[in-house]
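So the protein lines, in turn, are chains S and Z. Throughout the first sequence, residue numbering follows the UniProt record's numbering, covering 1 to 377 in sequence. Throughout the second sequence, residue numbering follows the UniProt record's numbering, covering 1 to 318 in sequence.
One or more of the hints may lead you astray.
Derived lysine-lysine pairs resembling DSS-like cross-links, with alpha carbons at most 30 Å apart [unchecked claim]: (1) Z:LYS117 - S:LYS121; (2) Z:LYS58 - S:LYS219; (3) S:LYS180 - S:LYS219; (4) S:LYS121 - S:LYS209; (5) S:LYS219 - S:LYS209; (6) S:LYS307 - S:LYS272; (7) S:LYS272 - S:LYS338; (8) Z:LYS58 - S:LYS209; (9) S:LYS121 - S:LYS338.
Here chain Z is said to cover these stretches of chain S; the calculated rule only asks that three of the stretch's residues, wherever they fall, bring their Cβ under 8 Å from a Cβ of chain Z [said to hold, decoys possible]: (10) 231 to 243; (11) 259 to 266.
To be clear, the hints were calculated from the coordinates, so they are not data collected in a lab. Note that beta-carbon positions come from the ideal geometry of N, C-alpha and C, so glycine has one too.
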Amino acid sequence: MSSSVSKTCRSLFSTSAIRFAKLQGIALMVGLASCAPNTPTAPPQAGGSPGAAPAAGGTLAISGAGATAPNPLYQRWFREYNTQNPAVQISYDSVGSGAGVRRFLDGTVDFGATDAPLLDKERQALPAARGQALQIPSTGLFVVFAYNLDGVDNLRLSRESFCGITDGSITTWNDPLIVKDNPGVTLPGDPITFVHRSDGSGTTDIFTKHIDEACPNWKAGGGKTVEWPTGTGAKGNEGVSAQIQQTRGAIGYTEYSYANETKLKMASIQNKAGEFITPTPEAASRALAGAQVPADFALAVPDPEQKDAYPIVSLTWILLYENPQDPAKAKAINEFLKWAYSPAGDQAATELGYIPLPDDLSSKAATALDTIKVAAN
Amino acid sequence: MALTTDHSSPMNRQRSGFARSLDSGFVWGTAAVAIAVGLLLAVIALQVGEDALPAIQKFGLGFLVSSRWSVIDGEFGALTQIYGTIVTSLIALFLAVPIGVGIAIFLSEDFLPPRIKQPIVFLVELLAAIPSVVYGIWGIFVLIPILRPFGIWLHETLGWIPLFATAPAGPGIYAAGLVLAIMILPIIAAISRDAMVAVPAELRQAAYGLGATRWETIFQILLPAGFSGIAGGVMLALGRAMGETMAVTMLIGNANTIDSFSILSQGSTVASLLANQFAEAGGLQISALMYAALVLFALTLVVNILAEIVVRRFSLKL
C-alpha cells in the first residue's frame with residue numbers, strides 16, 4: 001500500500017506536477033501534503049505554506065501505463081480533465097501495450113492501456129483479489145498508408161496494389177496494377193521503398209490484421225511483430241514518418257494522427273465493398289458503427305463490410321480492476337472515462353485525429369464501468 | 001629537480017595505529033569494491049541466463065544458426081542479428097582503426113605547435129560526448145541522403161562483387177557501420193594517443209641516436225611499443241560498436257533476414273533487436289530476447305579474450 005502511494009507520488013512529482021503547478025499553485029501544495037506520511041490525519045507540511053488549507057478529500061494522484069498510439073490523446077484528456085477537476089491528477093507512462101498489460105497484471109498501476117485485447121491467459125494471470133479484468137474502449141484508431149511521391153497528390157490503391165506493395169510483389173511505382181488504380185496520373189518508374197515498424201507495436205497489429213484479412217497471398221499473419229517479407233524497419237510512428245519524408249518513393253503505414261501532424265500524403269484505399277475511401281476520422285468511424293460488440297469489448301473489425309467505411313480501424317482499451325485496490329481512485333477513473341465519452345472528450349479526439357466512440361458503444365462501456373466496485377459517496 | 005625533494009620524513013616517523021588501520025581499511029575497502037564489480041557482472045549474467053532458460057531449453061544452439069524470428073509462430077533464431085552485429089562492427093573497425101591511429105600519431109608527434117594541437121585533441125574527444133540518438137538523427141537526415149547516391153553508384157558499377165550485390169534502400173548495414181566508425185573514432189584516437197605519448201622518451205631518443213628517420217621511429221619503435229595500449233583502445237571501441245543500440249536501430253533498416261552478404265542491404269544487430277522488441281514482448285519472446293542478450297554478452301567476452309591473447313603475443317617486451 002505505502003509503496004504504491006510513494007510510486008504515485010513520485011510520478012506526480014515528475015511530470016504532472018510541473019504542468020499542474022502552472023495551473024493550480026495552491027492545489028499542488030495540497031497534493032504534496034497528501035504525499036506526506038501515509039496517515040489520513042497527517043497535517044499538510046511538505047512545502048505547504050501556512051495559508052494552504054487542505055481541500056475536502058485531498059488530491060487523487062492516479063497513475064496508468066500502456067499503449068503509445070493513443071498517448072497524445074490521453075495526455076490531452078488528462079490535462080483538460082485536470083483543469084476542470086483539479087483534485088484529480090492522472091499521469092500516464094506510454095511504455096507500450098505489452099508493458100502496460102504487465103504492469104496492470106502486477107498491480108503497480110491504477111489502470112493499464114492496450115491496443116491489443118487481453119488474451120485469456122493474461123486475464124487468468126490477474127490476482128484473484130482484484131476480481132475480473134475489465135477492458136473498456138477509450139477511443140478508436142485508424143492506420144493510413146503515407147507516401148512520398150513527387151507530383152502524385154491523391155494516390156489510390158486497390159486491394160491488389162497495397163497487398164502487392166506490402167508483400168514485396170510490386171516493386172516499382174509504375175506497376176500496371178497501380179497505374180490501373182490511378183487513371184490520368186503519371187507515375188514514375190522509381191522503386192518502391194516499403195517502410196514498416198521495427199518495434200513491436202499496436203499500429204502494426206491493426207495494420208497486419210487487416211492485411212491478413214484482405215490479402216490472399218499474405219503469409220506472415222497478424223500481430224504486433226511480424227516477419228516482414230520486404231521493406232525497411234523504422235522505430236516508432238515518428239521513425240516511420242521520418243523515413244517516409246526522407247526517401248523518395250517511400251510508402252509506409254502510420255497512425256493517422258501522426259501522418260496528419262507531419263503533413264504526409266495519404267493514399268485512398270479500397271475497402272471490402274470495392275470503394276476507394278480517403279482516410280478521414282468520419283470515414284473511419286463508420287467502420288465502428290453498428291458493430292456487434294462482444295461482452296469484453298474486444299471488438300475487432302479487421303475488414304469492415306460498410307460501403308463507405310475506411311477499412312484499417314481498431315479500438316484501443318483501458319484496463320481496469322473489478323475489485324480495485326483503491327476504490328476512491330477507481331471512482332475517479334470512472335468519472336474521467338465518462339467525461340471522455342462526453343462531447344468535450346469527443347472533440348479533443350476528433351481534433352487530434354482519433355475516432356470518438358459511437359454512442360451505442362460508449363453507453364455500453366459506461367454500463368460496464370458501473371460494475372466496478374468503487375467507493376460510495 | 002628530483003634530487004632536491006625531501007624524502008626523509010615518512011621513512012623515519014613511527015606510524016600511529018590509526019594510520020595503519022586506515023591503510024588496511026583502505027586496502028580492504030578497495031578490494032571489496034573491486035570484487036563487487038566482478039560479482040555484479042556475474043549476477044547480471046546469471047539473471048539474464050535464468051530468464052533466457054526457457055528459450056535455451058527450447059532452441060538450444062540452433063538459436064545461433066537459425067535466422068527465423070517469428071513471434072506469431074514462437075520460433076526464434078538470432079543468426080541475422082549475430083551476423084549484423086559482427087559485420088557492422090567490422091566495418092566500423094575497418095574504417096576507424098587506420099584513421100584513429102593516424103590521428104593518434106599526428107597528435108602525439110610534434111607536427112603542430114601545442115597551441116593548435118590542444119584544440120584538435122579536444123575536438124576529437126568531443127566526438128565521444130555526442131549522444132548516440134543525435135548520431136542516429138544526423139544519420140537519417142544528413143548522412144543517408146548523401147550516401148545513398150554513392151551506394152547506388154557502387155551497386156551499379158561494382159554490383160558483381162557480393163559486397164555490393166543489392167541496391168541500397170537508404171538505411172542499411174553500410175550506413176550503420178559508417179556511423180559506428182565515427183562514434184568509435186575518438187575512443188581509438190584518444191587511447192592510442194595516450195599509449196604513444198606514454199612510450200618512454202629514451203626509446204625515441206635512442207632510435208634517433210641510431211640514425212632512424214622519423215618514419216622508422218614511428219613504425220618500428222613507437223607503434224610496436226604502444227601496441228598493447230592501441231589494441232586495448234581498439235577492443236574498447238569494438239565493445240562499444242557491438243553494444244551500440246540507438247544509432248544503429250535508427251540506421252540499419254531492421255530487416256530480420258539475411259538476403260545477401262551485401263553491405264548495402266538492410267539488417268539488424270542483437271542490440272537493435274532488443275531495443276525494438278523488448279517493450280512489447282511477452283512470454284517466450286522475452287526469453288528469446290534474453291538469450292540474444294546472453295549471446296551478445298558471450299560475443300563481447302570472446303572478443304576480449306582474443307584481444308588479450310593478441311596483445312600478449314605481439315606486444316613489445318620492454
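Query raised in the report: Quick one, are LYS58 of chain Z and LYS219 of chain S close enough, alpha carbons at most 30 Å?
Result: holds (24 Å)
Query raised in the report: Given the proposed pairing of LYS180 of chain S with LYS219 of chain S, does the C-alpha separation stay at or below 30 Å?
Result: With a Cα-Cα distance of about 25 Å, the restraint between LYS180 of chain S and LYS219 of chain S holds, given a limit of 30 Å.
Report task. Sort out whether LYS338 of chain S lies within 30 Å of LYS121 of chain S, counting only the CA atoms. Result -> holds (29 Å)
Query raised in the report: If you draw a straight line from the CA of LYS117 of chain Z to the CA of LYS121 of chain S, is it 30 Å or shorter?
Result: violated (64 Å)
Query raised in the report: Does the alpha-carbon distance linking LYS272 of chain S and LYS338 of chain S stay inside the 30 Å limit?
Result: violated (33 Å)
Query raised in the report: At a Cβ distance under 8 Å, does chain Z reach at least three residues of the segment 259 to 266 of chain S?
Result: violated (count 0)
Report task. Take the C-alpha atoms of LYS219 of chain S and LYS209 of chain S, compute the straight-line distance between them, and say whether it is at most 30 Å. Result -> Distance ~11 Å between LYS219 of chain S and LYS209 of chain S Cα, so the pair holds.
Requested in this report: Given the hint that LYS58 of chain Z pairs with LYS209 of chain S, test it: the Cα-Cα distance must not exceed 30 Å.
Outcome: holds (28 Å)
Query raised in the report: If you draw a straight line from the CA of LYS307 of chain S to the CA of LYS272 of chain S, is it 30 Å or shorter?
Result: holds (8 Å)
Query raised in the report: Holds or violated: LYS121 of chain S with LYS209 of chain S, Cα cutoff 30 Å?
Result: Holds, at roughly 21 Å.
Query raised in the report: According to a criterion of three or more residues whose C-beta lies within less than 8 Å of a C-beta of chain Z, is the segment 231 to 243 of chain S covered?
Result: n = 8 at 8 Å, threshold three: holds.
The structure does not agree with the numbered hints 1, 7, 11 stated previously, though it agrees with the rest.
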